[in-house]
Each structure stands twice: as structure tokens, then as C-alpha cells.
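**Q** The listed protein sequences derive, respectively, from chains A and B.
Position 186 of the first sequence, counted from 1, bears residue number 186 in this note's numbering, the numbering being contiguous throughout.
Position 495 of the second sequence, counted from 1, bears residue number 1495 in this note's numbering, the numbering being contiguous throughout.
Quick caveat, the hints were computed from the structure, so don't treat them as lab data.
It cannot be assumed that every hint is accurate.
What the hints assert, rightly or not - Partner residues aside, some chain B positions facing chain A, computed with beta carbon under 7 Å:
| id | residue |
| --- | --- |
| 1 | 1330 |
| 2 | 1506 |
| 3 | 1527 |
To be verified - Taking CB as the label site, the calculated pair distances span:
| id | chain 1 | residue 1 | chain 2 | residue 2 | range |
| --- | --- | --- | --- | --- | --- |
| 4 | B | 1057 | A | 142 | 28 to 34 Å |
| 5 | A | 316 | B | 1315 | 39 to 45 Å |
| 6 | B | 1066 | A | 142 | 31 to 37 Å |
| 7 | B | 1042 | A | 142 | 49 to 55 Å |
| 8 | A | 136 | B | 1421 | 58 to 64 Å |
| 9 | A | 142 | B | 1138 | 36 to 42 Å |
Claimed, not checked - In silico SDA-like pairs for lysine to any residue, Cα to Cα no more than 20 Å straight-line:
| id | chain 1 | residue 1 | chain 2 | residue 2 |
| --- | --- | --- | --- | --- |
| 10 | A | 222 | B | 1348 |
| 11 | A | 49 | B | 1512 |
| 12 | A | 194 | B | 1512 |
Owing to the predicted nature of the structure, the values given are computational and were not obtained by experimental measurement.
Don't be surprised by glycine CBs; every beta carbon is placed ideally from N, CA and C.
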Amino acid sequence: MKKFIAALVAGMAISASAQAADTLVVYSAGPKPLSAALAKGFEAKTGTKVELFQSTAGKIMARYQSEKANPHVDVMVSAAWGHAITLDAKGELMAYTSPNAAKVPASLKTDTYVAQGAAALAIAYNTKSGLPAPKKWSDLTKAAYKDQVTMPDPSSSGSALSLLQGLVNKDEAATWDMFAKLNKNGMIVPGANKAALTPVLQGAKGVVFGAVDYIVLGSKAKGESIEVVYPEDGTVLAPRPMFIPKTAKNVDAAKAFIDYVLSEEGQAMVVKVLLMPARSDIKAKRPSYDELNIIEFDQVEAAKNAAATKKKFADMMAAKG
Amino acid sequence: MTKSTGKGQSTRLVLSLLSGALLIVIVGLPVLAILLYAVFPNFNTLSFAEPFSKLAPSLADHKLIGATINSIELSLGVTLLSALIAVPLGYFRARGAVPAGKAWDALFLIPFLIPPYIGSLAWMQVLQRNGFLEQILGFDLGDLLYSFPGMVTVMALHLFPLVYFAASRAFSLIGSRYGDVAKVFGGRPLSIFARIELPLAIPAILSSALIVFILTIEEFGTPEILGRRFGFEVIVTAIHDKFTNWPIDLSGASVLCLILIALAFIAYHLHLRMASRFDTSVETGTMSPTASHRPLIQRAAILAAFFAVTLIGVILPVASIAISGFMTTISGGLAWDNFSLVNYAQIFSLGSDALVAVGTSLSLAVAAAILTGVIALIVAFAVVRLRGRGTAFLDFMSILPNALPGMAVAVGLILTWNLPIWPVSPYNTTAILLLAYLCLMLPYPIRMVSAQLRQLPTSLDDAAYISGANEWVVILRVLAPILLPVSLAAGFIVFAVSTRELVSSLMLAPPGVETVATYVFRQFDQGDINVAMAMSMLVVVVSGSIIALGQKLQKDQKT
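One chain only, chain B, in its complex shape:
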């Protein structure tokens, strides 16, 4: 494994430096700007006066303790529920226990295409008093929706796919050979799963659970829409209040971001400690999953579980959005004379901003998906294989943007790139949006790719090194092909999330540029909720088709 020729050393150095530089420019600078702003309240004018003067007053609010506890409870609840839903599904998907696997993968990506605030609104529309459920079946579940369990369920249904994809990749990488061996020696299915397969997959699952935890802590839309209704305040709503409520206190908001960074730091270390208890690498390369022989009843039950999750997590919210998109007026409700195409007519009307916005968002999302994939490969290699000094720091830094609210990242990006010192700056051009998406989305591919890389044995690399390959060749010719499926899965997630990224787009879009999310938000702002719903539906369909096409191409390539 160790290679000590001078040339190898320099390639390694270049790789380490490159991954460090990429992360620092994309992620480090905006986060650093926020930290500086928390310490120096006048940092936005480049003044370092009155350091630390904002810390105490901003943290003195007695409500913050309750909000911090709420944040932790919510995130733990969502993470656990996501794992409960996703790990069994991922396992059965990897073991080929359910027909049409790729179709389920595509379906489970759909929740990602829906902006969280639209998703919450869709749920309200279904469950609240006089909602769709009551209009059709005569009862409402508003009390359940506006409660802690209700909110945890809504958020978990939105985020569980992250764990699902990680788990199914991990289980399929492990292959069924270990299980088969155990079976030969008389192991029962449940104990094989619990004692052999699950422990091997745990690092990858934990890694995705960490992202779910951090995304929940950072999520603003759902706590704002659902949580406020039952007085459930979390840290991010407190931060957002400081960012947008008059009088605006950007520095104070930056101080509160420190709490989120601290929580992310703790979660990150807990996850490392838990993951280190499990052996990660499996001694075989990729193995094709073989369909196991299960009794019919068991197969039917598994299929039913997939259907149930799809029905509640995908079809119900999407149907709610689709129906709203066809409603002429909101107050008209579900009545035949209230259905029409006026909302779509407005979107497709000549000279409409909507289609331009769709084009802008799609190109940005494709660019973000490809670039994050490439960067993640380099960073994962540096962090997992080179293990040089500072790689742990790089690894932690890569999750920070997800721990910060989008608004904070946006402010950090402005503080950084609006400085007069840059000869050329992406600020006030569309490139700043791409940079923002890279910053916000990088954590997904980095986590997913490095988790899988940890599972891969180093024997493949060693074989390549012995045959005279250098690190670039190992990355490009050995690891990249093996990691391509997981990179693509991550790429689809990045693509999906980018198409609907709202907060930073609203802050950073250069004059005159609209993305899907800013368009949708503006319709809301003007009270045209159903046009916003129609636009969301259009994006679900367009991006969903692109993802489905991508997955089909991937499948064709394999066979």
C-alpha cells in the first residue's frame, strides 16, 4: 500500500492540496465569513471594531435553550424514523426482493424534487380542516399534522431516501455471499441480518443518518409552516427571525449559527465514534445481487411495504400538489367547475418567465451535479485513502454548509465574493448561484462516495500501484468506475435538490435572473398559490423525467 517514490509523493501532495483548496474556496470561505461576522459585528463593512460584543446579548435569550432542545429532539426523531423506514427498504432492494428496483429508486427521489415548504403546504392541504381528506372522506387530521409526531413524519418522509440510497448501495456492495455462508452453517435470516449484514453496512447508514440529522437541524420551511402552529420553536427559526425580521440583525444571526455548527460538530464526532466500532471494508469487490428465494407471503409483504411508503410519502403529497395546480381558485375547493388549465396557461403563456426559469434551474442543476461528483471523488480519495494531516478537518468542513441555514450560507457568500479585492468575482452573475449550489450540495456526494470508498478494499488500489499506476490512474481507472453508481445516485440527489433550492437563490440571484424556486416563491408572495403549485408539479415532472432517463441510461450501460 505504501508507495514511497518521489513521484508518488508529489502526486499525493497535489491531490491533497487540490482537495483542500477546492473545499476551502467553495465551503471554507463563506463559513469563515459567517464566523468572522459572529465575532466582529461590523465585519460587513470590513471593520473589526467591537469584537465579541454580539455574543452575549444574542445568546442571552432564554428561549434559545428550549429551541436548542427542540432542534435536537426533532432531528433525532426524524433521523430515527428515516432509518426505520429506509434501512429495511434498502436491504430488500439490495437483495432483489422487490421487482423493478430502479423504478422504486426513481419514485423515492421524487420527495426531493418538492421544496419542503411546498411539501408541507401540500400536507396541510390534505389533512387540515376542510382539507382534501375532509372534502372526500369527511374527517380531518389537522391535530395530528400540527404535532411533534406529525412534523417528524412529514420531515422523515421527505428525507428517508437519503438513508435508503446509502443503505441499498451498502448492502449490495456487501453482497449476499456472507449471508449465504452463514446460512450454510445454520444461521437464521434475522440473525444473519442483525449480526453480519447490518454491522457491515452501518458505517454507510450512519453516514447518511448524519446528513439527515444535520439537514433536519438546518431545515427551515417545515418548522416554520407546521411547527409554528403548535408553538414549536427551533434554532433555525430563531436564526431566520434575526435574518429577516425587522430590525435585521445579521451578526446576531451569525452568532446563533455557532450553535448549529456546535451541534453539527458533536453529531459528526458521535457518528465517527459509532462508525469506528464496526469493521468497514469487505474483501470482495462489487457483487451482483442475486435474487434470494423467499416464500410468496414474505415477498408480498415486502412489496406491500414498498407500496405503502410510496403511497404515503410520494403519491399523496404529489397528488395534492397536482390537484392544486388544476384548481382555478383556492377557495373553490374540490368541485368540478373549479378545475381548469388557467394556472398552466399562465406558465406556458408567451413571454412567460416560467419557462426561462425552468431552463436556468435545469442547467444549474446539471452543472452542480457533475461538478460536485468530480470534486467529491477527489476529496473522498484524499480523505479516505491518503489520510494525510488535516483530512479529518477537511471531512468535517465538508458537512458544515448543511449545518448552516441557506440564508447564512448566502450571507457568507456575499460577504466573501463581494469584497473589492477579487479581480473577477462570480458575484452578481449566474455563477454565484452555481457556487452556492456547490457549497450547499457538496456534502451529499462527499459523504456517499467516501462511505462507499471506506467499504472498498484497498487490495484493488494496491494491485494497480504494483502494476505501476499512479494515484490519478487509480482514481480514474480503478475507483471511478466502481464508484460510478454511487456517484450517479449522489448526482441525482444534487440535481433534484438544486432544481428547487430556494433561500440562497432568493438572496443571490443576480438582477433579472429567475430560478424555478424564486419563481414559485414569487407566485406565493403574490397570492397565486395554485400557479406556484402548478409550477412545482411541472418541475417534478421535468426533473423526474430527466432522472428516470439518467437511470435508464445507467442501466443500459451496465448490461
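So that you can see chain A by itself, here it is in the shape it has in the complex:
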């Protein structure tokens, strides 16, 4: 016990002095194997020590906000493009264009933030459920899928919000009509991405409307009876933004980190966890830009109406089906 307290005190003393210029503080959303590999690779390559705080996208943003009186973080990786849009609108992000970003598609980069990689939104269904394989989003309104559909809540899942925005952007009337029918068909909206996927893996439900594909692909690789369908009427991407806050202390290392993530070595790590790489010249281990029918829309513009879109969706789902 005494030893433990002594270790704590020693730890406090060390860390008080250790936030030196030669450390890079990274806050990253999961998956951990990716953020840990990137941190390790960057350390090996540059000799700069990385302090990695890894949590959920919401929690790293909350930590960043809470720390504003005495900021620590040099570079952040979020899972929600919206986080970068908001911070950029408030002027909190440092402009930086990595030389390695040349091959990143224009929709996945701005002056202040750039994608680490991206997931696509898809339909995921349990192959043991005996359900027919869906082809389009609207297929899930059919009687065959009655009480079998789950969807992540656009209020808590940034990717589900992007999907909703993309579909609304493409055909507003048809999209809202479809969601009304999905609600009638017994679709549930149980929470964030995991809350929607878990009951489908367990067999309590059959299909996810708007699953984050790389997680499902990972589960499938581990032997789960689950299949991913990219609807032929198109889907949206959920890019993962990287950015440097203006309060960063170790700016050079932060820029070097972004360069590293966008290097061939860094992108290979992104590919390994079954995400789409940010660079279009790197080959993915999964369907990528050329194979997917991607709905392009102005995310910054859509973000301005996000509150209204989310509310309309929530009201619609609250109606008794």
C-alpha cells in the first residue's frame, strides 16, 4: 500500500516535469489497435515520444473542452467529421496541409482538417436470420423485415447522422417517407452504433440500417454470421478527421504525425483494420471509392441544419408505428 502511494507521488512528480517539448500528445478515438500502432510507428520513425489518450470520439472532445484553461493536446483524431466542422467554425483549428495529402480526395480534406481514413455506411444482416438479402435502403420497409430492423441514433452516432443527411440531400421527400414506413415496420433506434449492431449479432434482430461497415467486416472476419450490403441506390462515407488545435504546444511534431498517418506506412495501418485509406492511391482490403456508389453532399452546409434534421427524425420515430 505504502509502495503504491509512493509510486503515485513519484508518478505525479515525473509527469509534472515530463510534459517536455519532445512529447507529442495525441487524443484519438478507437479502434485501439490502430491508434496504438500509429503511435508506436511514429515513435519509431521520429524518436518523438507519443502520449496517447484513447477513448470514444465524444469523450476526447469532452476532455479537450474541459482542458481549455490549460490545454495539453497537440493533435486529435475523431470518428465524427462533424467534430472537425464545429471546431473549425469556431476558429479553433490550425491550418495545415500535409504534403502527403495530395492524393486524398477533395471531399476528405480542408485547410484545417484531413481524413485519417473512412468507413462507409451499409446494411448489415445476420445470415442465420433467414431474411432475404436486401438490395436497397427502402427494401427494409417490406413486410419480410417487420420488427427485424435496428438503426443507430443520428443523435448519438455521427455516421448515422451523415447517412440521414446524405439521403435527405439526395431525395428529401422519398427519404422521410421511407423513415415513416420503417417506423411502421417496427424499426428500433436503440442508441449509438454498438447498440444497434449487438442485437443483430445476437439474433434478437436481423438487420442494421446504417451500420459502420469496417466494424461489421471485422466481426465477419472473426467468423460471425453477418454480411455487409452496400445499397445500390448509394451510401455515404463516415470519414475520420485529424486536426491540430491552435493551442497545440508541439506543433512541429503534430504536423509530422499527420504526415506520418498519411504516409504509405501509416495508411497501411489504416487499411489493416479494414477502414478505407484516406489516400485514393492506396489499395484497401475492402470495397473502396471505385466500387462504392457514394452520395456526395456538402457536409458543412448540412451541418447547419443538423439540429432540425435530428429533431425531425426523432419526432418521426417517437410516433407509434
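Chain B: place on chain A using the hints.
**A** Quick look at chain B alone, frame taken from chain A:
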């Protein structure tokens, strides 16, 4: 009782100041930070601009009224059900009506070792469509699980041990002498219980019921997992949405925390008013419970009740978690070829973070249990015995961290300890986790120890004072030994809850440090649910063994 020498006065002052200072540093500062953040939306940048500008917009949401009512209904339901389950069990345990008492105590601690969200998931796994129940017996109870009664039951099965421990301690402190006297005068068992024993135990029971009420109001995992399925929104889910949903609104979330603080304040005062109607102190010290002579049928019925509660509240969820831990794939279900050790292999694999995380969590939990025990003794003495000015405030302050969501406490701790003004700060070291656990867990031992201290007659203290002892001697040599059992019981609860504390750990863990809960959560986040279940099972077994060992040592010491 009154001691007016100058030396006594100064010791009393030191004790009052010490308990005040401890509570203010551990509990007061983070709570104050949240209050300031609610009033000053830019407090995180240390700016006091635009005061009160967030209050109205954050409270204007029409859904908040419904959510507040839901929160109150849920908490009342869980508190009542917990008391219904726990008070009879605690009574019979104290009266020695059930064999192997310590074993039941250990069993009833197990629900605490399971994080609420894992527990809810375990219940889903059993009861939902195509769940374990349907796979074995052919029917599901999903509709019951996703309903108000279902959710109340799940939460009460998780929290009733708090009331059980308080009740059984209280009843055993009262002893059976009062009942025996009444029996001699022709009192019937039920009326003896209702008119003599229960009223004497009520302050301790109310005190634990208050904690259950407040913990339910603050609980996030179960309403999030079960409540959302039937559209049941509570305050804490609304707060959590503001904390984590884009765009994040920390100040707005802090405003909503005010509702929880207000509810806790009301509950606290109601509990005080109810408790004050009952005489608390018993005129005898500790008395060993004597096994009463009950007819065989009655004893069998009591034993059956203990078994039933254990089966539903402990064995069923633990079995669900254990089974999942052995399942290779989630979608494979209950099939022989789907069982393997791959999940445990991953946990025990070389260089795995899992075992390091177990070590970190266990050391933190032990430290938290010991420190909270010591602090609780000092605070309880100051609040119950010294009754100086401001002690009521101290007492209320000590429950505040439990009324706030873990996320709010975490934000409060960052706001406090990340300030550049501290020469040395625990922030960004493992010490901040210990501080967070102290802050979150202190209410259990404080409530349990002070409730018991209220029951103890002051005659013992007086005897010691007359013999020339000062307050320190009274605390250490007179009260501490008597309060040791309850402190240990509280310590086990703190230990159990600390090993699986999730939300503040996720926010506060310094870079590179993992605890059990963050490890489990990360596995979930990556979709490795069964690895998470296996890890939870490992923790239940390891922490459960430590608690069992502790209880055995305690027993050996007594005899």
C-alpha cells in the same frame, strides 16, 4: 458528554476542520466547478463572461419535465423494490435464521462487481428474442425486460445489497434482547418486528435507501440500454446526450446536473425528516446475534427466499456473462461447437493489456477502499458526534458526487485539477483516478458509518472521556473497533464498485493507463463483446475471491 477544557476544544476544532478540508478538496471542488460551469458557459477557459446565459435555453426543452418525472418514478420504484427484497433478508440474516451468513453476504456483493451496462447486456442476452432462455426453453421475456417493471427489477437486483448490508448491520446492532423482552410480555413475532425492531433500524435503512435512490437517479448504463428500447428517457440520459453527442455542450450538461442536485437535496431532506421521527440509539453496545428458535417450515421458507434472490439476482446474470465469455462468436449462439477458450486466450496472451489493467484496477480499488474507510470515520465522527456548525452541510455535500453522473464528476475534476495554479497536480497521472474514485465512492462509507454511529450510545464515548481520553483516542480505540465491521462492509462495496468504475475512468485515465472497465469498454467498442464478457467474468472471480478472503480474515479475527 460536554468537555470544555481548552485542549479538548482544539482537538475538536482540528477534527472538524480536517473533515471539512478533506470533503472540500475531494468532493467540494469538482462539484463547485460544475456549478460554476453551469452559471458561466465559458468557465472552461476561465472566463466569467455571459453569466446565466445557458440556464434558460438548456432548461427550456419540453422533454425535460417528462424526463424528470421518469427519473423520480424510476428511483422510487427501485428504492422500494430494493427495500422490499433487502429488509426481510437483512433481518433474517441478523437474527441468524439462515445458515452460512457470511457466504450470503459475499454472494450479494457479486452484483456490485458487474458493471451495470454489462449486467443489462447479460439480462438482454438471457431474455430477449432468440436469447438464452428461448434457445433453452423456447420462449422469451423481451417484452417484460423492455418495460418499466422490467427495468426497475434489473436495477433493484443490482442495488438491493446496499440496503441489505445496512439493514442486517442495524438489526444485529439492536440485538434480539428487545424482542426477547417483548416476547416475554406476549408480543407476537410480526408485531415485535413492526413495532420494536423495524423502527430502531429505520434510520440505517433510510440512509441506505437514500443512496439507492440517488444512485438510481444517477445511473446511466441501464436506462441507456433498456430504457431507450421503450422510449423511457430520464434526466441522466439527457445529460449524457449533451456531454457526448455532437455538438458537445458541457455547460448545458452542467445546467441539467442542477436538476439532479436539486432532486438529491429534496431526497436528502425527506430522508432526514423521516429518520428524525425515530429514536436511533440503542442502549446496549454490540450484541452477538443468537440463533432464534424457529419452526422448521419457517426456516425452510427463509432459506428458500435467500436461494431465490441469489438465483435471480446473482446466478442468472453471472451465468449469462460466463457463458458469453466462452462463446467463440456471438451469432453462433448456444451450440457446442461455438464454445472455446479463445476469448480467455486473448486476455492471457503474452503482452496483453488485460492483466496489466486488472493489476491497475485492483491496486486502485484497494487504495480507494482503505482511504475512504479512514476518511469516513473522521467525517462521521465530526458530523454525528461533534455536531458543530456546518456539519449538516458537510453531510449533504458528501452525497453530492453520487447524485451527479460520473461524466459530470470527471469534467469537474478536470476543470479543477487541470488549472495551471497548482504546483503539483494529480491530473494526467494515475492519482487522478484514485481521486475520482474517492470522490465517487466516499458517500457509501460515510453513510454507512455515520448511520451506525448514530445508533451507538454516547455512553461509551462519555466513559472514555471521563477516563481522560481525547477525541483521537475515542475514535481510534473506542469507536473504530466497534465500527470496524461496518467499515469493512463499506470497504468491500467501495472495492467492488471501484474495480469496475467506467465513465470517469474513460475520461480521466492518463495516456497509456488502462483499467478493467476501460479495457472492457474498448473491447465492446471494437465489437469484441465476448472478450469483454470474459474479462468481466475474470474480474468477478478475482475481486470476488479477494472479498471472500477479506471476509474470512474478518471472521477469523473475531473468533
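**Q** Hinted pair, alpha-carbon criterion (20 Å max): residue 194 (chain A), residue 1512 (chain B). Please report holds or violated.
**A** violated, 24 Å
**Q** Falls inside 58 to 64 Å, the C-beta gap from residue 136 (chain A) to residue 1421 (chain B)?
**A** holds, 59 Å
**Q** For the restraint on residue 1527 (chain B), tell me whether the closest CB of chain A is nearer than 7 Å.
**A** holds, 5 Å
**Q** Residue 49 (chain A) and residue 1512 (chain B) were given as a pair; does the straight-line alpha-carbon distance stay at or below 20 Å?
**A** Status holds; Cα separation ~12 Å.
**Q** At the C-beta level, are residue 142 (chain A) and residue 1138 (chain B) separated by a distance inside 36 to 42 Å?
**A** violated, 28 Å
**Q** I want to verify a distance hint. Is the separation of the beta carbons of residue 1066 (chain B) and residue 142 (chain A) within 31 to 37 Å?
**A** Between residue 1066 (chain B) and residue 142 (chain A), where Cβ atoms are some 34 Å apart, the hint holds.
**Q** Can you verify the interface hint for residue 1506 (chain B): is its Cβ closer than 7 Å to any Cβ in chain A?
**A** Because about 5 Å separates residue 1506 (chain B) from the closest Cβ in chain A, which is inside the 7 Å limit, the hint holds.
**Q** With a cut-off of 7 Å on the beta carbons, see whether residue 1330 (chain B) makes it to chain A.
**A** holds, 4 Å
**Q** For the hint 39 to 45 Å, verify it against the beta carbon of residue 316 (chain A) and that of residue 1315 (chain B).
**A** The hinted range 39 to 45 Å holds for residue 316 (chain A) and residue 1315 (chain B), with Cβ atoms some 42 Å apart.
**Q** For the range 28 to 34 Å, tell me whether the beta carbons of residue 1057 (chain B) and residue 142 (chain A) fit it or not.
**A** With Cβ atoms ~42 Å apart, the hint is violated.
**Q** Could you grab the alpha-carbon distance between residue 222 (chain A) and residue 1348 (chain B) and see if it respects the 20 Å cut-off?
**A** Between residue 222 (chain A) and residue 1348 (chain B) the Cα gap is close to 19 Å, so the pair holds against 20 Å.
**Q** Taking the Cβ atom of residue 1042 (chain B) and the Cβ atom of residue 142 (chain A), is their distance within the range 49 to 55 Å?
**A** holds, 51 Å
Violated hints, in rising order: 4, 9 and 12; the structure is consistent with all others.
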